[in-house]
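Novice: So you can see what is in the structure, the chains are spelled out below.
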Amino acid sequence: MSTIGGTTIEEREDALAFEDDVPELSSRVTVIRPASRLPHLDFRELWQYRELAATFAWRDLKVRYKQSLIGAAWAIIQPVMTMVVFTFIFGTFAHVPSQGLPYPVFSYSGILPWIYFSSALGAASGSLAMNSTLVTKIYFPRVLLPIAAITVPAVDFLLASTVLGGLMGWYSLSTGVHALLAPLFMILAAASALGVGLVFAVINVRYRDVPYAIPFIIQIWLFLSPVIYPIKALHHSWERLILSLNPMSGVITGFRWSLLGTSPPTPLQLLLSIVAAGVFLTVGLAVFRRAEPRFADTI
Amino acid sequence: MAATVIEVEGLSKRYRLGQLQAGYDTLRDAIAHGANRLLSREHRPPAEEIWALDDVSFTVEQGEVLGVIGPNGAGKSTLLKILTRITTPTRGSAVIRGRVGSLLEVGTGFHGELTGRENIYLNGAILGMTRREINGKLSDIIEFSGVERFIDTPVKRYSSGMYVRLAFSVAAHLEPEILLVDEVLAVGDAEFQRRCLGRMEELSSHGRTVLFVSHQMQVLARLCDRAILLREGRIVQDGPSEQVVAHYLQAEGGAGSQRSWPDLASAPGGKRVRIREVRVIDEHGHLADSVDIRRPVGIEISFTVLRDDVPVFPKIKLVDREGNNAFNTVDTSPLWNGRPVPGDYVATAWIPGNLLNEGFYTVEPGISSVGALGTNKLVHQARAPEAVAFHVYDPGEGDTSKGRFAGQFRGAVRPLLEWTSERR
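Keeping their order, the protein sequence lines are chains L and B.
When we follow our numbering, the leftmost residue of the first sequence carries the number 9, and every step to the right adds one.
When we follow our numbering, the leftmost residue of the second sequence carries the number 117, and every step to the right adds one.
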């Protein structure tokens, strides 16, 4: 029986069985020190927390598909409607070149990676502010939140991909072994979204008007990516190279090539896009790690 | 032999005041401000800094139950935040041996859309359990929570009681070697507080180490072997909890149980009356800092009446620790019915036992008069805000208005009423 304030509490309710009555001193040792000036990513720690990252992703996914009435259908409706509108405006009216493909297939193959990128960027940017109660109450590597955030749009992406298969079937288009390379381009998209998202997530902790800036940035970025038009439509090669600094131009051109056999990005274009994505990710992680120790104080 | 499980060495945490009270909440404001500063070449004012923790060192042995007390802003919560790694120290270090759990985290991360079962997995993972561990304990957790029937219902449909029970059940099955408890007694309902305390006691009786931060001095003194007193980020006392608590109670608030003004000319009041002395006394007339909730407490005002032109009467106002006005009361004895005879007086207001709540009260004694007819105003001829203070405690013997409940009731007063109950 335990005694509290002169009263006794029945053991039935509060007693829990312990595996060991005399606890062994655990080997787990936590050393707490001031944040180092040179932040580094602790991969061993991230690996220890991999289950939590998976749990966060699982939560976001569950909640996403529970909260919306049409659930999974939403993941398909959004890109399909965008494709219909683009086809109507850019394909039918403006006669934008589509590399010999039917415009719906052309635009949809750009919209797919684009929507993944834009929703991953948005989710990563909001991930810290959305989970502020967690951040102020529990320790875990904060980078798990943006990482988990970019996985949910990946599921939407897979669902929406089925429509591309349907379209290709409708237009009797076939794909080759190159299709196996498509996931690599998506990884490039994920790395870019994470890199940029990390920076915005940090700013968002302190300044709450970031959510208003994101849609605007995404809108501009769309026009700088070869979603509506092929990168080949640009007349000068320097124009194409500048556009390749946007990692999404490498992603979309490459994704389209791998699945539909359109002209591939040149090695230089591809290299530029990969380097740009790498820079985004490195800068994003560095900014994030530097700000991380102060999240709980400022959020 | 007991091993050291927590070793805190010179721990310090600095906050810039701007960090505490977010300066600009939108990027737009920040940019506008920055541009302004650039244009006007105005120098950035040096950021005000406070040391929430200042060179704090202590060690905790395995199995020890350590209480942490101190006034608001003393750094108690900052200390716990650092030990749970939510925030980083500015200087110093802490070494913790063992798995840390805290009742601070109860229900953290629960999501309304998810079912009870799903939330167990989510919350468990957040608290640091592995999936395998949760699988192994799932049925225990569900049973302990008492919400078996609704375990596959989204928790947004739960009553708050069910929600808390489930959350607590998850937290209780995390078997921490070191438990950190911060002000849990201030949140949740009575049942929840009772469970938290029960869990704490149980863990400590099983040799677990507990760090307990609370404002409830009596509970803390009883549960903890040792306590440290923090003030302005520093440890001012470290010793047996009873001793530290007693010291703290006397020092808190600044106001003691007695206050006097030897010089009548500068004493509170004016040309009609002056207050000379105020004392808090027990029923035997002795000065009292701390009063048993069941015993009466007297507020004794000594004052001098200088003129006889206006009828006056003594009055006290009691203010609780949150600054709420608990009550006002005036002396209605016939002595004050007419114009007073100039001279020295002593008036004592007796506050009966079993009326006030637990906690600190400050007293504002006054000598007042009624305003002109029809104005409905009270005129203060003399008053001394926060002149004295005292602490009311419940020894927890079950015969007060909270019965066997161990937590704290809200409210300025806590009268013991006569209840009639019968079976029909």
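Just to be clear, a hint being listed does not mean it is correct.
Beyond 12 Å from chain L on every Cβ pair, some chain B residues (computed) [stated by the list, open to error]:
no.	residue
1	Val124
2	Val280
3	Leu380
4	Arg411
Listed next, the in silico DSBU-like pairs over lysine-lysine satisfying Cα-Cα at most 35 Å (straight line) [as the list claims (entries may be wrong)]:
no.	chain 1	residue 1	chain 2	residue 2
5	B	Lys272	L	Lys74
6	B	Lys387	B	Lys433
7	L	Lys145	B	Lys518
8	B	Lys272	B	Lys518
9	B	Lys253	L	Lys145
10	B	Lys272	B	Lys253
11	B	Lys433	B	Lys493
12	L	Lys70	L	Lys145
13	B	Lys518	B	Lys433
14	B	Lys253	L	Lys74
15	L	Lys70	B	Lys253
16	L	Lys70	B	Lys272
17	B	Lys518	B	Lys387
18	L	Lys145	B	Lys272
19	L	Lys240	L	Lys145
In short, the hints are calculated from the structure, not lab data.
All residues carry an ideal CB built from backbone N, CA and C; glycine is no exception.
Novice: Given the proposed pairing of Lys387 (chain B) with Lys433 (chain B), does the C-alpha separation stay at or below 35 Å?
Specialist: 22 Å, holds
Novice: Hey, Lys145 (chain L) versus Lys272 (chain B), does the alpha-carbon distance stay inside 35 Å?
Specialist: 21 Å, holds
Novice: Is Val280 (chain B) truly not at the interface, in the sense that its beta carbon sits beyond 12 Å from all beta carbons of chain L?
Specialist: 14 Å, holds
Novice: Keeping to a limit of 35 Å between CA atoms, is the pair of Lys253 (chain B) and Lys145 (chain L) held or broken?
Specialist: Judged against 35 Å, a Cα distance of about 24 Å means the pair holds.
Novice: Once the closest CB in chain L is found, is it more than 12 Å from Leu380 (chain B)?
Specialist: 47 Å, holds
Novice: Decide if the proposed pair is consistent with the structure: Lys240 (chain L) and Lys145 (chain L), CA atoms, cutoff 35 Å inclusive.
Specialist: 51 Å, violated
Novice: Hey, Lys272 (chain B) versus Lys74 (chain L), does the alpha-carbon distance stay inside 35 Å?
Specialist: This hinted pair holds, its Cα atoms lying about 13 Å apart.
Novice: Since Arg411 (chain B) was said not to touch the interface, does its Cβ keep a gap of more than 12 Å from each Cβ of chain L?
Specialist: Fine: 17 Å to the nearest Cβ keeps Arg411 (chain B) off the interface.
Novice: Does Lys433 (chain B) pair with Lys493 (chain B) here, judged by a C-alpha cut-off of 35 Å?
Specialist: Holds: Lys433 (chain B) and Lys493 (chain B) sit about 16 Å apart, inside 35 Å.
Novice: Holds or violated: Lys70 (chain L) and Lys145 (chain L), Cα atoms, limit 35 Å.
Specialist: Holds - the C-alpha atoms of Lys145 (chain L) and Lys70 (chain L) are around 23 Å apart, at most 35 Å.
Novice: For the pair supplied as a hint, Lys145 (chain L) and Lys518 (chain B), confirm whether the alpha-carbon distance does not exceed 35 Å.
Specialist: 32 Å, holds
Novice: With the threshold set at 35 Å, check whether the alpha-carbon distance from Lys253 (chain B) to Lys74 (chain L) stays at or below it.
Specialist: 26 Å, holds
The structure fails to meet hints 1, 17, 19 from the earlier list, while all remaining hints are met.
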